[in-house]
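> Take a look at the letters that make up each chain.
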Amino acid sequence: MQRTMRVLVVEDEKKVAKALREGLEAEHYDVRVASSGEEGFFLVNHEAFDCVVLDLMLPQRDGIEVLTTLRKRGLPTPVLILTAKDTIDDRVRGLDSGADDYLVKPFAIPELLARIRALLRRGRPDQILKLHLDDLQMDLMTRTVTRGGQAIDLTVKEFEVLEYLLRHLGHVVSREMLTRDVWRIAARATPFDNVIDVTIARLRRKIDDPFPTKLLHTVRGAGFVLRRGRG
Amino acid sequence: MKLTVPTVRARLTLWHAAVLAIIVCLFSAGTLLFVRVRLYRALDEQIAQDLATIEKVYREETGDLGELDHRMGLTLFEVAEGPTVIYRTASWPPPTTKPYRMRTITDATHRVSVARDETSVRQTLWTLTTVFALGIPCALGLAVAGGYILAGRVLAPVGAMAETARRITAESLSARLPADNPRDEFGRLAGVFNETLSRLEAAFEQLRRFTADASHELRTPLTSLRSIGEVALHRSLTIQEYRDVVASMLEEVDRLTRLVENLLLLTRAEAGRIPMTRTVVNLSELVANIADNLRVLADEKDQAWSVDAAEPVTAACDAGILRQGVTNLVYNAIKYTPDKGVIRIATRRDPAGDAVIEVQDTGPGIAAAHRERIFERFYRVDDARSRESGGVGLGLAIARWAVEANAGRIELESDEGRGTLFRIVLPAS
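As given, the protein sequences belong to chains S and B, one line each in that order.
Just so you know, we're using our numbering here: the first sequence kicks off at 152 and counts up by one.
Just so you know, we're using our numbering here: the second sequence kicks off at 795 and counts up by one.
Mixed in with the good hints, there may be bad ones.
Said to hold, decoys possible - Taking lysine-lysine pairs in the DSS-like style, the calculated list, with each CA pair at most 27 Å apart, reads:
| no. | chain 1 | residue 1 | chain 2 | residue 2 |
| --- | --- | --- | --- | --- |
| 1 | B | K1134 | S | K308 |
| 2 | S | K281 | S | K165 |
| 3 | B | K1095 | S | K357 |
| 4 | S | K281 | S | K223 |
| 5 | S | K308 | S | K281 |
| 6 | S | K166 | S | K256 |
| 7 | B | K1129 | S | K357 |
| 8 | B | K1129 | B | K1095 |
| 9 | S | K169 | S | K308 |
| 10 | B | K1134 | B | K1095 |
| 11 | S | K308 | S | K365 |
| 12 | S | K281 | S | K365 |
| 13 | S | K256 | S | K165 |
| 14 | S | K357 | B | K892 |
| 15 | S | K308 | B | K1129 |
| 16 | S | K308 | B | K850 |
Just so you know, these hints were derived from the structure itself, not from any lab.
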């Protein structure tokens, strides 16, 4: 049994803070919320956290300032910053101050959860060569996919999407995450949702349609999830 | 009292007057000096003649000295030998009531002195001085007045221009400055100003339209969000129905987010706040990759797909920004071309050495009336249809920016009913 991971959320916007808390708690994290830079700074200094989610625009004490001070004191906890400003300058400033990752507002909760998982996983070797769900098997070495022992022929992109979904097994993957991580397109303005929808539909045709149990589900308004049973 | 900077008109007049005053004063002083020298020289010549006559008479017939008085009109002279006065006219020495000019020649034996009245010389000089002293200020006064009026006339167009310009605000940018003669200095100034006004007017008009369009586009998803939420709150729904409501709201949020992203991108682009990293990019690779990504969409519509990007073509540009532009063009081509249509994408180098990317479709084409405006933000050829297919009307605006930011140009050829060809031309690297 793994111990519960503790996450500190430093966010002054009450509604956002509440949504973050609930989203994280649904994933079984132990969540503390600080509504100002001061409070966040105090909590980090007095309690141990596995990860900090830090908003950059904070009253009293700017997020960057908090982060810089914490890093100067040698705090090793991974920090994910949230910012409404997505100009390169702000990102660079954030990462230079010691942030491990950043998310631009408005962000999707599934994406935040994925980033936090990635931060917590960091440092551990990722040598998985086989992924599976139920009777769906993926071999990353031979780049083959089978379901119920039947080989399934996938295109390169379909394979990558399936791999991404398998790596986020049970978690919702948003279209934005797929655009950025699978298609490697950074620009948020690029029209890509249709491409993703079509690719998912084709993937579903190959891995789900011939079988009674459906694994790939669409979560309307949020994205896609790979799991046994209904979506 | 506050010292204000004098107007151009006053300054012109003052300068003009000052220069004129200096010239007139110098001229008058010169004239006075010249006249004075000439008059005194004439007087001195007379005196010299007198002396010569007296001298001659004295040498030849000393006794006749007395006759000089009434014969020659020499009324003021004295001849002396040492301390002894030989002859002296009745009125010698000259009276002090009037100014006299006196000259004496002396040699070893005798001394001759002559005096002449110089009142008339002095009077002439005095009169002249008076005329100058009175005349110069009058002339200067006239010059100042005339100069002021003239300067006013010359500068009148500036005043008129300023008055018109003052009345021009963001609401009345269509007004133009008057220019009587477009080729003179003021005319050219007005011309330049009017050109600026035209550009401003166009920019404001664009901004106004953009703001109206943007608010419309932003309000639509907001309205949906609100009504979906309100309606759901007023009814009792099953969990599944609530899920549908939330999902529907999230879809609207997605639409809103995409719109805001696009708007922000364009706004930043226009403010020049998007950093460009130019490198030598293999356009063929870039285009092939974009085509690869979007091909599934064409396949879904059973469109014939041809990508001719085998030859490597390079250009110096920002790959990320150019990618957005080309993606939008290809995306549009697929979107507007009916099922079983043809999409052709090609890269090549034209004879001038410029890199060319072509995206051609067999869609409905673009009518000539729309061709100019198709790249404008939110401009749509067919409003209802485009909206239905999920576009926000910014794709081509972004495409044009992406190309122009890379120093290229975007061209459009279209046969209504037969299809459209978009051509990106990037200067040779």
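> Determine for every hint whether it applies to the structure shown.
Consistency of the hints with the structure:
1. B:K1134 to S:K308: With Cα atoms ~24 Å apart, K1134 (chain B) and K308 (chain S) stay inside 27 Å; holds.
2. S:K281 to S:K165: 42 Å, violated
3. B:K1095 to S:K357: Since the Cα atoms of K1095 (chain B) and K357 (chain S) sit roughly 19 Å apart, the hinted pair holds (cutoff 27 Å).
4. S:K281 to S:K223: Violated, at roughly 41 Å.
5. S:K308 to S:K281: 18 Å, holds
6. S:K166 to S:K256: Holds, at roughly 14 Å.
7. B:K1129 to S:K357: At roughly 25 Å apart (the allowed maximum being 27 Å), K357 (chain S) and K1129 (chain B) satisfy the hint.
8. B:K1129 to B:K1095: 9 Å, holds
9. S:K169 to S:K308: 36 Å, violated
10. B:K1134 to B:K1095: Holds: K1134 (chain B) and K1095 (chain B) sit about 6 Å apart, inside 27 Å.
11. S:K308 to S:K365: Given pair K308 (chain S), K365 (chain S) holds - Cα atoms ~20 Å apart, limit 27 Å.
12. S:K281 to S:K365: 20 Å, holds
13. S:K256 to S:K165: 15 Å, holds
14. S:K357 to B:K892: 138 Å, violated
15. S:K308 to B:K1129: 21 Å, holds
16. S:K308 to B:K850: 138 Å, violated
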